[in-house]
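Construct all of the structure, not just a fragment, from the sequences and the given hints.
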Amino acid sequence: MKWLWLLLLFPFIAFAEEKAALDYNDFARIPILHEGRIKPLDSFARVSLKKIYGKTSLPDASADEWLAEALFAPARAMQQPIFTVRVPLVISMLALPSRDDALYSFQEMAGAFALHQQFMAALIAKDRKTLSPDEQELIRLYENINDFAEIIGTFSLLLPMPEVDDAMRAELGVSSDAVVTYADMLKIRHGIATELAEVVKRKGDRLNDYTPHEQRLAKASYRMDALEAMGSGNTLLRVMPPAWGGEEWLSPWMVLEKGAGSPASLVLLHEWQNLATAYNKSDALAWKQASEKLRMAPGNVRPLALSLEVAYNAINPLGLALGAYGLGIALAIIGMLLRKQIVMRAATGVVLVGVASHGVGIAARMLILLRPPVSTLYESMIFVSLVTAAFGLWIERKRQNGEGIFISGITAGLLLIAANVFAADSDTLEVLVAVLNTNFWLATHVVCITTGYGASLMVGMLAHLYLIKRALGKNELEALQRRMHRVALVALLFTAVGTMLGGIWADQSWGRFWGWDPKENGALLIVLWLIWLLHGRIAGQLEDLGFAVGTALINMVVGLAWVGVNLLSVGLHSYGFTDIAANGLIAFCVAECIFVTVTTAAIKLRERHIHA
Amino acid sequence: MGGGALPACAPRFRPYDSGIMRAKLIVLLRALARPTLLFYALPWLMCLLALGTVAQRYIGLYQSQNLFFGSFLLWVGPVPLPGAYSLLALIALSLLANLALSLPFTRAQAGIILTHVSVVILLVGGLMTALDRQEGYMVLGEGESAHTVFDYQQPDFVGGQDRYSLKPSATRELPFTIRLKHFDKSDYPGTSMARSYDSDVVVKDGGLEWNASITMNHPLRLHGYTLYQSSFIDKDGRLLTVLAVVKNVGWLLPYLAIATLCVGLLLHLVILSARRRA
Chain A
1 MKWLWLLLLF PFIAFAEEKA ALDYNDFARI PILHEGRIKP LDSFARVSLK KIYGKTSLPD
61 ASADEWLAEA LFAPARAMQQ PIFTVRVPLV ISMLALPSRD DALYSFQEMA GAFALHQQFM
121 AALIAKDRKT LSPDEQELIR LYENINDFAE IIGTFSLLLP MPEVDDAMRA ELGVSSDAVV
181 TYADMLKIRH GIATELAEVV KRKGDRLNDY TPHEQRLAKA SYRMDALEAM GSGNTLLRVM
241 PPAWGGEEWL SPWMVLEKGA GSPASLVLLH EWQNLATAYN KSDALAWKQA SEKLRMAPGN
301 VRPLALSLEV AYNAINPLGL ALGAYGLGIA LAIIGMLLRK QIVMRAATGV VLVGVASHGV
361 GIAARMLILL RPPVSTLYES MIFVSLVTAA FGLWIERKRQ NGEGIFISGI TAGLLLIAAN
421 VFAADSDTLE VLVAVLNTNF WLATHVVCIT TGYGASLMVG MLAHLYLIKR ALGKNELEAL
481 QRRMHRVALV ALLFTAVGTM LGGIWADQSW GRFWGWDPKE NGALLIVLWL IWLLHGRIAG
541 QLEDLGFAVG TALINMVVGL AWVGVNLLSV GLHSYGFTDI AANGLIAFCV AECIFVTVTT
601 AAIKLRERHI HA
Chain B
1 MGGGALPACA PRFRPYDSGI MRAKLIVLLR ALARPTLLFY ALPWLMCLLA LGTVAQRYIG
61 LYQSQNLFFG SFLLWVGPVP LPGAYSLLAL IALSLLANLA LSLPFTRAQA GIILTHVSVV
121 ILLVGGLMTA LDRQEGYMVL GEGESAHTVF DYQQPDFVGG QDRYSLKPSA TRELPFTIRL
181 KHFDKSDYPG TSMARSYDSD VVVKDGGLEW NASITMNHPL RLHGYTLYQS SFIDKDGRLL
241 TVLAVVKNVG WLLPYLAIAT LCVGLLLHLV ILSARRRA
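From first to last, the protein sequence lines stand for chains A and B. For the first sequence, the positions run 1 to 612 when my numbering is used. For the second sequence, the positions run 1 to 278 when my numbering is used.
Some chain B residues flagged as far from chain A (calculated, every beta-carbon gap over 10 Å): (1) Ile20; (2) Ala31; (3) Gly83; (4) Leu127; (5) His147; (6) Thr148; (7) Arg172; (8) Asp200; (9) Gly206; (10) Ala212; (11) Gly237; (12) Val249; (13) Ala274.
Here's a subset of chain A near chain B, in silico, CB distances under 7 Å, partners left out: (14) Gly36; (15) Glu248; (16) Val431; (17) Leu493; (18) Ala496; (19) Val497; (20) Gly503; (21) Ser509; (22) Gly511; (23) Phe513; (24) Trp516; (25) Pro518; (26) Asn521; (27) Leu525; (28) Gln541; (29) Leu568.
Read the hints as simulated data drawn from the structure, not as lab findings. We put the beta carbon where it would ideally sit given N, CA and C, even for glycine.
In structure tokens, the structure reads:
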């Protein structure tokens with residue numbers, strides 16, 4: 001619990017009350033090594049704030065402004081209510097005051113947790129899977145507090161030491177108005193220790209007997225010990241590029257501890273100090289200069305990629321696409337109700353813009369990460385979403401009755417929402433485990449199979465449409481049936497080839513073509529389901545209605561094969577699992593079954609009526 | 001899969017007078033060739049697939065593989081039900097009978113025929129793998145060499161995803177020797193998450209000697225054997241590489257099958273579009 005020191009150290013440091021209008025453009029692009037890759041500070045700020053607060057910005061501040069305050073005005077940051085407590089029971093467990101927004105400051109949280117140190121230590125030692133939701137929330141909060149403590153302690157070595165007097169300044173060889181920090185004081189630390197030891201030997205350890213200078217010596221020494229204790233193990237903000245080669249970026253404290261500094265890192269630290277000073281003095285010009293220099297730090301090998309990532313964060317092309325799909329659905333419904341061609345054209349146009357933005361977003365991610373579009377569960381979801389939206393446009397182009405836009409808008413939109421739910425609390429631009437780290441197979445097998453998922457979902461949605469129309473007694477369903485058959489064949493092509501390519505990848509990586517791994521089985525299940533439907537139709541076993549019901553249920557099969565197998569958490573493919581997935585999937589399957597049952601019953605009733 | 005115009009089983013064969021047995025055989029083959037058979041076999045296969053997948057969580061991959069995917073009969077108490085092997089064999093026979101008797105060899109059916117041929121290739125590949133496949137592994141430290149492998153049964157994933165339980169049964173001689181020059185495991189900077197594993201080896205084959213590199217997704221193929229970068233062992237700070245050594249005569253067939261399948265289905269889609277346009 002190193003952060004207990006923070007409660008003691010920071011409140012006494014003066015800070016500027018006013019927030020200045022500073023330019024965060026360069027600050028956002030400063031490189032940092034986080035979770036295995038160099039990313040802009042902006043991404044780090046957003047991910048950190050999302051973990052703690054739940055959103056990527058505060059009501060009155062952007063993530064960058066929040067991070068700057070935490071780094072350079074820690075005393076103020078400690079009092080901001082930003083920690084969201086999601087479980088009400090935890091609030092009473094921690095004896096926190098009850099609040100409508102359930103937001104608490106670091107000071108409150110740290111104080112509350114300080115009373116439960118042993119309990120937390122025991123909790124952390126337990127296996128995560130055995131914990132109750134309350135306990136998991138406690139651990140989540142506890143980790144967030146630790147992370148925040150690391151963030152606000154990052155530059156504690158650069159904060160002014162209030163105990164420094166003229167004698168010490170003279171010893172350091174700086175002018176009497178110079179700001180002196182822990183990092184500066186390291187030079188004379190040995191001298192202070194010797195001097196203080198002599199004082200203690202002469203006068204004992206009662207501070208009241210000391211001269212003012214001796215008192216300041218003792219306090220400075222104490223503060224340095226405290227800062228050091230707090231700073232050791234502060235590794236979160238790896239903003240110092242490797243001074244002597246390699247890829248391992250270090251945090252400022254790590255540089256001091258490991259003695260890994262170089263003249264270049266001293267220059268960099270000095271620049272951070274300038275930035276901190278400029279922040280606290282609200283000096284816009286100095287701030288701009290310092291952040292510009294830091295942005296162009298020597299280790300920043302891909303500044304354009306960082307700029308692209310900042311733009312990706314700010315523009316949020318996937319969010320734009322989601323909005324476009326929502327608007328497209330609304331317009332398509334209006335168009336279908338009013339039978340106005342022009343409204344449906346507008347719907348198509350809006351979705352087209354959405355698809356373009358979606359595509360640009362995925363392309364930007366590829367450029368940032370230098371890898372093919374799909375490698376994680378999140379990426380598979382946003383990619384399948386794009387595939388379904390594009391399929392919808394294709395179907396719409398052929399039929400021009402709003403239906404293609406309607407079904408693809410719903411599928412693509414829901415998938416984007418699901419992706420956001422799954423990716424909660426994490427950076428969606430993450431690095432990959434070794435076996436997945438191969439661009440060729442990701443580009444072929446994974447793209448192929450996810451396109452197959454998308455096509456399968458589209459044929460499933462067409463079947464939904466068929467069932468609804470037939471239940472409503474609409475005629476002229478042949479064209480729709482033909483389209484279903486065609487899309488089913490396309491789905492079979494992509495899922496079958498994708499599954500077999502997966503086998504070939506497995507043959508290349510693990511030495512077996514087929515290993516009955518859950519994800520392999522899931523993909524095979526979709527393929528078999530499609531084959532069964534197509535053959536049942538030819539053999540005459542499946543009538544039109546049976547074929548449509550089977551096809552509608554493919555959505556469920558895809559859901560089980562794609563997300564469901566991750567819930568089994570066995571096998572080589574079980575990446576990206578979250579608790580929400582289980583409930584969401586069950587609800588989805590139940591809803592699909594109810595839909596199919598209700599529409600089938602309605603069709604039977606109506607058609608019996610007609611025949612009678 | 002097929003266009004709407006395909007008759008369920010076109011009678012292209014007339015029974016010869018020369019033998020009732022022969023006529024009966026053809027009746028049997030024609031029954032086999034019906035898609036009806038597939039219509040009932042597939043749901044059961046899908047059931048086995050689903051059960052075998054879910055069962056992995058409880059009894060592990062190896063057990064559930066034997067039970068659900070690697071047997072001719074699945075015993076539910078005293079009742080024998082068809083296992084995956086029986087079903088696959090039945091599907092294979094049906095496919096062959098269908099290709100021989102039912103499918104009209106016309107240009108319009110070319111895509112369908114190719115697609116079905118690809119499935120036959122795939123099933124033959126599966127059969128060859130099931131009949132003749134040797135799997136083993138070798139563990140090497142830097143500087144060490146080996147010309148034998150330990151056979152093991154399938155690695156088992158009971159409980160967690162990384163807990164292998166290898167069951168060595170015998171050692172086997174290889175016709176070549178592998179010496180590990182250097183093993184390298186690199187992590188993503190600032191994390192303990194593996195980015196790649198690389199084994200630099202020297203291959204001694206008869207009088208010849210050459211360098212080779214085995215990495216994740218890039219195996220070394222030699223004399224019918226394939227050596228994969230499987231994993232590594234951290235033995236008191238010294239890293240040992242684990243190479244999987246597999247001999248599988250059927251390894252090329254899936255590659256062939258996928259090419260055939262791809263061409264077949266694409267062709268069928270093109271033919272459908274062309275017919276629709278005409």
